[in-house]
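Novice: Let's have the full structure, built from the sequences with the hints guiding it.
Read off the chains here:
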Amino acid sequence: MFQYTLNTAKEGFYNITDHVKDAIRRSGIINGICLVYCPHTSAGITINESADPDVVKDLLYALNETFPDRPEFRHSEGNSAAHLKSSVIGNSVNLIVANRTPVLGTWQAIYFTEFDGPRVRKFYIQVIEKA
Amino acid sequence: MFQYTLNTAKEGFYNITDHVKDAIRRSGIINGICLVYCPHTSAGITINESADPDVVKDLLYALNETFPDRPEFRHSEGNSAAHLKSSVIGNSVNLIVANRTPVLGTWQAIYFTEFDGPRVRKFYIQVIEKA
Amino acid sequence: MFQYTLNTAKEGFYNITDHVKDAIRRSGIINGICLVYCPHTSAGITINESADPDVVKDLLYALNETFPDRPEFRHSEGNSAAHLKSSVIGNSVNLIVANRTPVLGTWQAIYFTEFDGPRVRKFYIQVIEKA
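Chains as they are written, first to last, in this note's numbering: chain E, 8 to 138; chain S, 8 to 138; chain D, 8 to 138.
Just so you know, these hints were derived from the structure itself, not from any lab. Keep in mind the model is a prediction, meaning the values are calculated, not measured.
Copies of the same chain are indistinguishable here, so a pair counts whether it falls within one copy or spans any two.
DSSO-like, lysine-lysine: derived pairs with alpha carbons at most 27 angstroms apart:
id: 1; residue 1: K28; residue 2: K137
id: 2; residue 1: K17; residue 2: K64
id: 3; residue 1: K28; residue 2: K64
Specialist: Okay, structure coming up:
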C-alpha cells in the first residue's frame, strides 16, 4: 500500500494522476488492477476530464447547487453537505493496470475531491497483480 | 465469497463494518483488497461517518429531497426513486486490506443503504490477496 | 484486458451484461473479481434493474432533471452536465466472479450509460483471479 499527502483549499478537484502512476511504477506490477482510496468522509475520488480546467469547476459548482447545506441538517459540525457529496462521488476508484501504467481514456484524469477543507488529506493506493 | 443477511426497515443506513472485518478475518488474507457487493437494485453500499449518527440521518434526508418520487416515473412498482438512489450511491465499495483488517479512516464506517424496505437483504464480500 | 465497442444514441442505458459474461468466460478465471471500466468522461457504468425497461428510462429522466445544463457552466463544449452525470454514476463497477460467472442479484444487469452521444464508445474488462 502506498500513501500520499495533499494540502487542500476549502474545496476543489486535485489531479492525482501522477501519484497513481508513481504508485504503480513503484509496485513493480505489470498487469492488474489499482485501487485509489480516500480515508476521509467529507472528500472523495473521481475520474473526469482534465484537458479543459473549466470542466471540474463546473462540476464543483453544480455539486454545490444540487447538494446544498440545508436548515434541516442536524450534524453539529455543520458539514453534512460535504459528507453527502463524498458518498455521491464515491471515496475510491479502480483502474486497470497494463504495461505498468493505468489504462486511462484520452481525456481522463484521476481527481481527489475536497468538499470540506482546508485540511491535510491522505489517500492510499493498492496495486494487485493479475496472476 | 462470504454472504450476510440483513433485515431492514423502510429505509436507513446499516453499519456493516463488523461484517466486513469478520469476512476478512475468515478469509485468512493478510494483504489485498476487499469488495463489498449489494445484489439488490433499490439498495446500495457506501462509506461515511459513524461517530455522529446524525450524519447518516442527514444524508438520508437530503437524498430523499434531491431524488424524490416523480409523477413522470412509469415503472409500475413505484420505486424508481429507490433505484435511482441505488445507482447514485453505488452498489459496492472497495477496501484495502492490510494486516488482516480493512484500512479505514478515523471516522469511516461501511454502510448498507436501504431505500425500499422493509426487506430481507443480502450482501456479499470477496477478498483478494495481494500476491 | 478485454475491450468492447458500442455505438450509442444521444443518451441511454445499454445492457452490457452479456459482454461481461463473455469476458469472464474468455479469461478462464473461475473465482475472483471483475472490473468493468469506461474510459470516457461523459458516460459511465452502473448496475440496476433490467426486468422492466421503464426503470432505466425513469433513471435517465430523473438524472436529467436533477443534473441539468446550467447557464453558469463555462466549459466550451457545452456538455458539463454529461461530465457531472459521469462522476455521479461512476465510471466503473466491480463484480464478484464465482464458478466462471458474475454474481448478480435476480434483477441486476450491468449498464453502460451514455450521457453525450451519439458516439462510438469503448469499455474495458479486467478479471482478477482469487488465489
